[in-house]
Amino acid sequence: MNFFLRLKFRTKIILGISGIMVFMVLVLTPSVSRIAASALVKESKKRGLALAGGLTIRAVDPILTMDLLRLRNIVDDVQTMGGGIVYAFILDAKNQVLVHTFQNGFPLDLVTVNTIEDTTTSRIQLLDAGTELIYDFAAPVVIGDSQVGTGRIGLSRSIIQRSVNRLILTIAALSAGTFFLAILLGGLFGRWVTTRLGLLKKHVEEIVKGNLDHQTGPLLKRNCWEIMNCDLKKCPAYGDSRRRCWYVAGTMCAQCDHAMYPQKLQSCHTCPIYKENVGDEIQDLAETFDVMALSLKTHISEIKNYQEQLIQAQKMDSIGKMAGGVAHEINTPLGIILGYAQLLQDDVDPEGEMIKELQIIERQTKVCRKIVADLLKFSRQTETAKREMSINNSLLETIALVEHTFRLDKVLIQTDFEEEEKNIVGDPDKLKQVWLNLFNNAKDAMPDGGLILVRSRMDAEKNLVVISVADTGPGISEENMKKIFDPFFTTKSVGKGTGLGLSVSFGIIEDHDGRIRAQSPLPSDLKMEDVTDSRQKRPGTVFVVEIPVAPLVSTD
Amino acid sequence: MMQSIKKRADISILYLLLIGLVTALVCTGCSEDEPVVRVDLANRTELTLAQPAQAVTYAYLPQYSHSISFERHWRLVERLTAATGLHIRQVFPDTFDAHIKMVERGEIDISFSNPFIYIKLAETGATAFARIIESSGKPDFMGQIICRRDNERIKDIKDCPGKRWIAVDPSSAGGYLFALGHFIEQGINRQDFSEIAFAPGPGGKQEKVVLAVYTGQYDIGSIRNGTLSILKDRIDLSQVRILAETKPYPGWVYAARKDLDPEIIDKLAQAMFTLSMEDEKDAVILETAKMRGIIPATDIDYDLVRDLADKLQMR
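These protein sequence lines are chains A and B, in that order.
Mapping the first sequence onto this note's numbering, position 434 (from 1) lands on 434, and the numbers just tick up by one.
Mapping the second sequence onto this note's numbering, position 244 (from 1) lands on 244, and the numbers just tick up by one.
Think of the hints as simulated: they come from the structure by calculation, not from any bench.
Since the structure is predicted, the reported quantities are computational estimates derived from the model, not experimental observations.
Note that CB positions come from ideal geometry on N, CA and C, so glycine has one too.
Don't take each hint at face value.
Unchecked claim - Chain A is nowhere near these chain B residues, computed Cβ spacing over 10 Å in every case:
1. Ala-42
2. Thr-45
3. Glu-46
4. Ser-69
5. Ala-83
6. Gln-90
7. Gly-106
8. Gln-217
Said to hold, decoys possible - Footprint (simulated), chain A over chain B, 3 or more residues, beta carbon under 8 Å:
9. 62 to 68
10. 240 to 246
Unchecked claim - Straight line, CA to CA, 30 Å or less: simulated DSBU-like cross-link-like pairs of lysine-lysine:
11. B:Lys-290 x B:Lys-138
12. B:Lys-120 x B:Lys-138
13. B:Lys-281 x B:Lys-267
14. A:Lys-94 x B:Lys-281
15. B:Lys-205 x B:Lys-158
16. B:Lys-205 x A:Lys-94
17. A:Lys-386 x A:Lys-422
18. B:Lys-120 x A:Lys-94
19. A:Lys-264 x A:Lys-234
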C-alpha cells in the first residue's frame, strides 16, 4: 500500500487504466470470444442443415423415379458450393447409397455413423476422420409421413475452426490494441493532469515565497467585455484579464448577481461568458488560486496600511506625551526668563544697548513660549472651549481671513460646501487654527500660485463631517507622507516654519475625536477640473479631516 | 533509475499477462467438447445398386407431381402389398403419354387413370377392373355449367352462344370435356362462344372458375360437381346459378395391363374392394388417396366416355 502511495500520480493513472483493461480483457474477452465462436459454429451447423435440407427437397422426385443422373447432379451441385463441404451423398429408404461425391469408391463407415431415427428432424454428428474433423449432417427425404431416403453432407470442422480461430485472434488483437491505446491515452492524460498540477504547485510555491503576482490560470482568448461588446469601463471586471468576471464582485452586466463569489456563481451558469470561458475543475482550481493570490495581496496591503497607521498613531502618542512633558517643564523656566527679561528692561537705560538685547531675549522667549504652547496643543494639554458650531461657517471665516492675502500670491480658494450640513461640537478657535494651518501649507506648496479647493461633505453612514482641503501643488512624496504630522517636520527652508503646524492640527483634530490624513496625488473623486484647470497638471495634495457630527440633544 | 527499471518491469509483466491471455484464448477456441465418432474414410468400396426385386408395378396417372402421387397412394400400395402378399412397387411416369406407353410396354401393371386416358389404355389391351367412389360418395361424377344469378341475358343453356366461357383445363373431364359434350348435344359448338378461356394454374383451378364467374369476369363457367360446396364459406353461393348439369360419367378407374396374370388382378381387386370408410385404418388410406372406396368395374362402364370422346373428336 505504501509502495502504491509513493507512486507518481501519472503512474497511478496508467496502472489504474491498465488494471481496468486487464480486468476487461480477462473477464470479457474470453466470454465474448467463446460466445462469438459458439455463434460461428452454430451458424455453420445451420448452414450445413440448410444445405442438407435443400438437397433432400431436390432429391424427392429423382428418388421416386430412381433418376440417378438427377441425383448425381444434385450432390455434385452441393459439393461445388465449396465452403468446406467434404462430401455429399444420398441414401434410399433401405440405406442403400444411391449417389455420392467420393472418388475411388465409397467409405462404408459413413453409412452407419449418423442414422436418423426420427423422420421429422435432421441430425448432426461430429466425425473424426483422422486427418480432419467433419460435421456430418443427415436430413431425411420425407413425403408425407414416409421417409424415402436420406441426404448427407460432410462439412469440414477444420475450416469452421479456422474461421473461429481468425475470429478469436481478431478479438484478441482488438483487445491488445485497445489495451495499448488505453495505456497510451492514459499516459498522455496523466501527463496532462500532472503538468497542470505541477503548475498549481509552482503557483503555491510562489505564493509561499511572497510572489502574489504569479498567475496560473490560462489567459482567455476573449475577455468578458469582448464577448459582450461591453464598454462599461466602470465595471470592475472591465480590463481585468487576470480574473474571470464571475470571481469579481460588483460586475455590472444586467444578469449579474451582485453577491460575492461563490454565491454570485449561481447567476453565471446561463451567461455566455461563463459558457465560453469556464474550464474544468483544474482550471477552476488554478483560477481560484489566482483570485486567492490577488485577494491576499489586497488584504496584505490593507494590513500593512493599518499597521503603518497604528505605528504612526503610537508614535504620535509617544511624541505628544514627551512633547507635553517637555513643554510643561520648559514653560516655567521660560516664564521666569521672560519675567526677568521684562523686569530687567525697567532697570536698564532705555536708550542703551542692553535694553535691545533684553528685548531680543524677551521676543525669543515669547517665540519659545509659542512653541511650547503649540506643543501643549499638539499633546492636547491645553484648555479647550468646545461648543456646538458650524463647520461651513468656521471654514468661511478662516477663508475670509486669508483670501485677500492669498490672491495677492495668485492662490485662489474655491469652496464646495455641503448644503445640508450638521453641526459639530468643537473649539472654534482651535479649528480655525487647523484650517489656517492647512490653507497656509497649501499656499506655501504653490509659490507660483494655484488653486485651493475647500469642500465639506456629510458622511451620513458614519455620521461624520468630512472636510477636504486640496491644492494643485507638487504633492507630497511617499516617504514624506509618513512624517508630515511629526512635530518639527518641515520641508520649508529654515526660518520659514517651525514644523509644528500639521502636528498641532493633528493634535487638535484628535482632541475633537476626529481624524486627519493626507493623500497625494489627488484621488479621482475630487473634481480635478476645478482644481487643476488654472495650472499645469500637478499631482496635488488633499488633507481630509473627519469630525463627528454633534450628538442629537433631546428637546423634551 | 531503480524506480524506472521497476516500473518497466511492472509494465512488462502486464504485457506478458496479455500475451498469455491471447494464447489461452486461441487454445480455448481450439478446445473440443462434442462427442466424436471415428470413421475411416480410406476404407472404400465401389458400390453397385441392388437390382429391384420382381414386383407388380403400380402407377398413378401423373396429373400431380411424383411426390404428391407417392404421398396419396403409398399407404394404399402398402395395404395392397400386405393384403395380397404380392410385392408391389409404385412407379412414376413423367407424362400422360409416358404412362400410356409404359402400360402398353408392360412396365406398368396396374394403372390408375381418368376415364379419357383409360379408353386410350383400353386400346392397348388394358382392362378396367375397379373404379373409385368419388368424394361425393358416388362412383360417377358430372359437369356443371354455372353463371351469375343476376345475369339476365342467360336464362338457359340456349342463351350461351356468343358468351364468354371459362373452363378448368382443356384436358379436364368434369371441368371442360363433359360440359363441351353437353353443349354439342344442345347444338352449340366451340366456335359459337365469343371466348373460351381456361383457369390459370397451378392449383385450385376449379375454384378459380367459380370465382371468375362470381366476380363477373366471365359469363359462364364449367366445373365438376362438388366444387361449389368447397366454396360455400368463402363466397355467397346464392349469387351463383347452376345453368345445366351434364349426364354423369364414371370416375377414375383401375386397369390391368394386357396379359397380366388374372390371379394377380383378382387378388388386387379383392383387396381393394374390402377397403371401407367404416374401418378407421382403411378410412385413412382412402382419404389420403382422395377417394371413399373402390368398387368393381368393367370396360362397358366407359362406353359413355367413348361416345363423348367421339363427339369431341378425341379419338
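Kindly indicate which numbered hints from before are broken by the structure, ordering the numbers from low to high.
-> 1, 2, 3, 4, 6, 10, 16 and 18
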